[in-house]
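Asker: Work out the full structure, taking the sequences as your base and the hints as a guide.
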Amino acid sequence: MKTPDYLNKNLFKTLGIAVSLSFDPGQLRPKFARMLKFTFRSYIVACAFVLFTGSSLAGGFQLNMLSMKATSMAGAFTGFGSDPSAAFFNPGAMTFQEYSQLSLGASFMMSSTSYLSPFTGNTNMDEGLMIPMHLYGNGKLNETTSIGISVNTPFNLHTTWDDNWTGRFIARETQIRATYIQPTVSFQFAEKFGIGGGPVIALGKTYITKALPYSSSGGEVGMELDGNSTGFGFNIGVFYKHNEDLTLGLDYRSAVKMKVKDGEASFSNVPSSLGALFASGKFETEYTLPSVISAGAAYKLTRELTICLDINYTTWKSFDTLEFNFENNSVLNFGSGKFYDNAFAIRVGAQYELSERIDVRGGVSFDSSPVSDEHVSPENPDNDRYMFAVGGSIKFGENVSVDLAYMLQNIKEREVLNSETNFGGNYKSLVNVFGITLNYQF
Amino acid sequence: MIVFKKYSLLLAMSVAGMITTSCQTEFDDIKYNNGDANFSRVVAVGGSHLAGYSDRALYLEAQSNSIPAILATRFAFVEGGAFTQPLVKPGIGIGINGNAKYELKNIINPCLPGTIVSAQPVAPSGDITNYNWLGSFVRYNNLAVPNTRVSDLTNQSYGDPSPFLGNPLYARFASQPGTSTISGDALLLNPTFVMIWMGMEDVYNYARTGGEEGNDSITDPAKFSIKYENLLNEMTSLDADGVVMNIPGPASMPFFTEVAYNGLLLNPAQAANLNALYAIVDSTITFTAGANPYIISDPSLSTGRRPIKKGEFILMSVSLDSINCQGWGTTVPIPERYVLNSDEVADVNAAINAYNAIITTNAAINGLALVNMNAFYTTLGNNKLFNGVNYSSEYLYGGAFSTDGYHPSQRGNALLANEIISTINRVYSSKIPLADVNSYSGIEFP
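Respectively, the protein sequence lines represent chains L and E. All residue numbers for the first sequence refer to the numbering used here, where the first residue is 1 and numbers rise by one. All residue numbers for the second sequence refer to the numbering used here, where the first residue is 1001 and numbers rise by one.
The hints are simulated quantities; they were obtained by calculation from the structure and are not laboratory data. This structure is a prediction, so every number in the text was calculated from the model and none was measured. Mixed in with the good hints there might be a few duds.
[What the hints assert, rightly or not] The list that follows gives simulated cross-link-like pairs (lysine-lysine, DSSO-like), each with its CA atoms no further than 27 Å apart:
#  : chain 1 : residue 1 : chain 2 : residue 2
1  : L       : 317       : L       : 428
2  : E       : 1431      : L       : 428
3  : L       : 192       : L       : 300
4  : L       : 338       : L       : 412
5  : L       : 412       : E       : 1431
6  : L       : 412       : E       : 1227
7  : L       : 257       : L       : 317
8  : E       : 1031      : E       : 1309
9  : L       : 259       : L       : 192
10 : L       : 428       : E       : 1031
11 : L       : 282       : L       : 257
Answerer: Right under this line is the structure:
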């Protein structure tokens, strides 16, 4: 796989993260100073974090590797909320946690996607590694109030096909990524009820390359669109602790409208006679990331064994047609129809406490695809997927624990014919994910 | 910590196990089959379209991706045999007028500042060493010869290499120049499957020269009928299966549509000037600001000129310099040889309809599959989507036609080949893969 130039620049930005994280939490003593400092640090980390670019590919668009405790239970976490990632999954649960805690982690996604063309046979998508990262903090101000932070990439699409493949006029590389930064407040307003929420600041990246059906002596004209976007939304969750054994949660994350302004459009292999048509310049587009409604429950079957159930409903219908408008060259304007439908997911997970220091977990989930057969395209060859997860936590000493997770996603084979591009064939994907989250409690 | 080690090892092992079995995806090859047809010895008979003629010449790159050559690469998936073509030498190629191939160039606009894109010959004349006889040792599967009418197929002198006697593009690979015939050479291969597209030159040599009579007249449908019937009888005499193509209409070819009949765009001042001029010469002709029909020559009128009517065609062969700089279509009527007037259009369409009826009847009698190219070209006029690319009959930007506006580009050849494969698959219950149109060369802009 050819590494795009822009990735190299980001290596340095990645180093920025390492620098930001090299503080010693042990030095932070007084409660309030501690909170402020960590929130401040979190923002530094968040900013470095946003600049980080993973290297390649993904099958799905809504990411399921946002915290390894949740991942290892296949994402069934809305009614459990047992760690700082509750700031994302259900902010209502934050005050029910016993400690203040900071979590930082990353997952390593390896996807394999194959396309069967009726014209050219099997083509494999370029393989690569995507490393989405996550950061959560939960600071208990007192028994009934917590503040926290969540930084992660809940929407992350990255696919790369070979430059010369048969679908190059539809997609070569496609990246639509949104990093959500969410400062959060949570109150326990009754003995059994918590509510929490916060604004979502979404930072997006849209990067699209494809070929255009015009040739010069140098080859086919290539188009590269690169734009950043910002959007705003909110997250709110309620948590109900019926007793020591049963907890319930409900969470709503709003839709976020992402606007790409002043995106850079550039073209390669442009014949001089078409120079005026394919002139580099600005483009803009906008799209709406969906809202997600989640309901979940966790039940302690025995002292050691907890089972969790989650149902998510994602309003993907908002992801309709991406209109790309070129500032000085409206002839080039084009629309890319997505026509997603709303989708649901059901997740079941379990946690077993092996010892005081070790928990093991597992889970399965079924995610329905928002894309129907006539709208599937190689930018995101999506389908219904089954996910199987295992993992566990290990405590080291009093303050530090590590969560590990492995998840296998099996995206079912499907035969499609896209009505907009007449591009058809079969797709199937497997995604392997390893992840690690480091937790520090204080 | 012992417990931790034990379980972490277990976890690591199970994870490793899951990874090794589940990391990669890959599809098996699709199974294809030849159905009821046998592609072991395939022969193509036709004119310039099947010969791989493109950009006004026969040249190596386009000839290598001729329609029959593309089909042969697909037949190879279903036990298709070798397919040999009488390839020309690499380089500038050779056209039916001895010309070189054309390609798009930026040329200085003769009337306005700046440059325009125009198809220009790559050399003053073509590579006539291609006329040299290739010898009698090789049997060629592609017997399509540019400029060939149905009556030429059985004509012995058609392969005569003497100047002005035969067609040098057949003579160069005839098994016995001056003696052998194209249909005779086709049967030498004992074909199991024949591909026949005859009739294009029988009508389009006339249409493309603006209805010039003489050598370029339309072949009388009665004569066409006899010759075509004999052709199919002969080609199937050795029990070959096969496919025949019918004749598309001119309205879906850029050669006839690129210069729109009402493409004369005038501003109010230009219109007023022309009206003042024509008030003296011929007051029945008036102009308005905006789109106007061009003025064409019409000897049947006392004035010798009139505005062109909708449905009549100005041919792409007209010099745009003459229109833009020398007043053609306004003060100077466009000469007849660049215009297909309504009578001529009617003659062309009548001939095409007659040929197509003959082709349909004889295909059925001989059990050959019929590809409705007439309908397919019409479809192409309304855009044909292939893997995200919108092919159309628009000149240059439509991608399907070469720079001559009449012959397909290499991608156009693949589109037509796919239409042929679809018909074969339907009629012969075969499963032959279509060609990846976008993998062939597109039109190269300067």
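Asker: If a hint holds in the structure, say so; if it does not, say that too.
Answerer: Checked hints:
1. L/317 x L/428: 23 Å, holds
2. E/1431 x L/428: 23 Å, holds
3. L/192 x L/300: This hinted pair holds, its Cα atoms lying about 17 Å apart.
4. L/338 x L/412: 20 Å, holds
5. L/412 x E/1431: Satisfied, since the Cα-Cα distance of roughly 26 Å is no more than 27 Å.
6. L/412 x E/1227: 57 Å, violated
7. L/257 x L/317: 13 Å, holds
8. E/1031 x E/1309: Violated, at about 54 Å.
9. L/259 x L/192: Answer violated: residue 259 of chain L to residue 192 of chain L is near 40 Å, above 27 Å.
10. L/428 x E/1031: 19 Å, holds
11. L/282 x L/257: 20 Å, holds
When each numbered hint is compared with the structure, violations occur for hints 6, 8 and 9.
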